[in-house]
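Read top to bottom, the protein sequences are chains A and B. Heads up, the first sequence is in the numbering used here, so the first residue is 1 and it goes up one at a time. Heads up, the second sequence is in the numbering used here, so the first residue is 1 and it goes up one at a time.
Keep in mind the hints are simulated off the structure, nothing from the lab. Among the hints, erroneous ones may be present.
To give an idea of the chain A side of the interface with chain B (calculated C-beta under 10 Å), a few residues [stated by the list, open to error]:
#1 Ile-31
#2 Phe-51
#3 Met-54
#4 Gln-56
#5 Ile-57
#6 Ala-61
#7 Met-65
#8 Val-69
#9 Leu-74
#10 Asn-76
#11 Phe-107
#12 Thr-127
Covered stretches of chain B, going by a simulated chain A footprint (3 or more residues, C-beta under 8 Å) [stated by the list, open to error]:
#13 55-64
#14 138-150
Note that CB positions come from ideal geometry on N, CA and C, so glycine has one too.
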Amino acid sequence: MDVILFLIFAIIAVVCAVNVVVQTHPIASAISLVGVMGSLAVLYLLLGAEFLAMAQIIVYAGAIMVLFVFVIMLLNAGAESKRGRSLVAQLLGFPLLIALLALASYFIQRYYPGTATVQFGAFKAGTAQNIGRALFTQYLLPFEVTSILILIAIVGAVVLARKEL
Amino acid sequence: MNFFLLSVLKAAVVAFVLLTTLAYLQWVERKVIAHIQVRMGPYRVGPHGLLQPLADVIKLITKEELIPPHVNKFMYLLAPFLAVTMALVSISVIPFGTEIHVFGTPTWMQLTDLNVGLLFILAVSSMGVYGIALGGWASNNKYSLLGGLRSSAQMISYELPLSIAIASPLLLVNTLSLREIVQAQTGSIIHWNILRWPAPQIVSFLVFLIAGFAETNRVPFDLPEAENELVAGFHTEYSSMKFAAFFMAEYANMVTVSCMTAILFLGGWQPLFSPAWGSNFVPTLIFTAGGLIAIYHGLNPARKLDRITLPVTGVVFLLVGALFLVPAAQNALIPLFWFAAKVGAVLFLYIWVRGTLPRFRYDQLMRFAWKVLFPVALANLLVTGLVVALW
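Take the sequences, apply the hints, and build the full model.
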């Protein structure tokens, strides 16, 4: 059952991801990206990380992508025209991609040979309590630094927007 | 296998009840609004217009399916589907009552209890925005586009105070599972989160309610479909069942927010005061009183037909009241009564507000969300956190 669900949602994720690139209209790309986020959340659920799955949907699919769609709609961005790609890109693009993936898997196999594959439901520390405790004890410094980073980004955005007005 | 059968049965019952509620909620709304405005409301189809929802459904189903030529067809068809699915899914984690026995098998009056149930509802409702935003965009019509834009901006803005308002009662109950949230509020009204010692959540309750009105696009926050400026807003180009899907999504969202209010702040299925003081007899008393009033008016009829209809209604009420006294049924019915009463009260508030308040202007709406609601919710969260930590 787990494997079947994994295959279904992994395929949906990959198809949507390819669709993000292939589609010419920004809205269609954005909706495909939402599909990727949603299927990723299901994959998290299969692994037993419920909190992460829900956070994935609320933050990425629910908030960030809605903002993307909003901006695309506000700017009324039309479909982009397909431009002819150079001969080099057409000939070498796909083989180079395969080569990159092969290299990456080779090095992972070589330097982390003992790493076991992930089991479904093996991750037991996915509850909100566990994640909260880890965030506020073990990872307190990165957590606080991130929050300050986000604050700086917000202030920067406000300053930039002020200048425009 | 037994578990599977039971789950299917429960899902069927919940789906049936939810869809009936949605259909009749619309009838109740029209009636209440009519009485607020000193009108009769629907009256022709069935007694007191009781069959009006059925007539509406038949009308919507048999209407011509129309797809305007200028729309983005895929997105245009996807939008109502997305809106109604996301609106209906969240009922699956709502707990309606305590543990009951069905044919000897113990089961909860809830489809499933996730340990992240609350986040699940937030996630699903945040996905519901796409239905409206895409519907507005795909219609390729300036009024629809403006409606879609307004709704996505409004929902992003009001989601923040909503989530923060949810966070403060969570500090008191220490769980994300909806069933455990209700169980933590066991006892009378002073144990409910809205009045709970040491940090009563009245402010957070009000913020949640207001943000909930905005999230469901209801008056006074119904700018996405403001008919005097935008024709019908995001669903201008939709007709027949696709329009019905948007309509159903709005009412389903209303029911979800009301259920959430009842669970988070009003103690879910917990009675108003403890059963030791006789709270188990409240439903019987209410139904008996209703039945007696109906019979009394039937004996002094204002119209000819009332001589028959009112006593029959009264007897039905008395029978329902008697049903609440049966010990075997009490275990299931009394929590259900309290839950339904609370959800019904919040839903009535929704309709009441619609009949009372005028619509916001768009800049007022945004200023209210960011400059009033958000700081208030944040301050309330801080105070609650401080009190809970110090207590």
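When the nearest CB of chain B is found for Leu-74(A), is that gap smaller than 10 Å? Holds, because the Cβ-Cβ distance from Leu-74(A) to chain B comes to roughly 6 Å (cut-off 10 Å).
Quick check on Val-69(A) please, does its C-beta sit within 10 Å of some C-beta on chain B? holds (6 Å)
How about Asn-76(A): closest beta carbon in chain B under 10 Å, or not? holds (8 Å)
Please check whether Ala-61(A) passes as an interface residue: C-beta within 10 Å of a C-beta belonging to chain B. OK, holds: Ala-61(A) within 10 Å of chain B, min 6 Å.
For the segment 55-64 of chain B, do three or more residues have a beta carbon lying closer than 8 Å to a beta carbon of chain A? violated (count 0)
Min Cβ distance, Ile-57(A) to chain B: is it shorter than 10 Å? holds (4 Å)
Does Phe-107(A) pass the interface check with chain B, least Cβ-Cβ distance below 10 Å? violated (36 Å)
Met-65(A) was flagged as interface toward chain B. Is the shortest Cβ-Cβ separation under 10 Å? holds (8 Å)
Given Ile-31(A) as an interface hint, is the shortest Cβ-Cβ distance to chain B below 10 Å? holds (7 Å)
Would the hint on Gln-56(A) stand, with a C-beta cut-off of 10 Å toward chain B? holds (8 Å)
Closest C-beta approach of Phe-51(A) to chain B relative to 10 Å, hint status: holds (6 Å)
With 10 Å as the cut and Cβ atoms as the points, is Thr-127(A) at the interface with chain B? The hint holds - Thr-127(A) has a Cβ within 10 Å of chain B, the shortest such distance being about 6 Å.
Against the hints set out earlier in the document, violations occur for numbers 11, 13.
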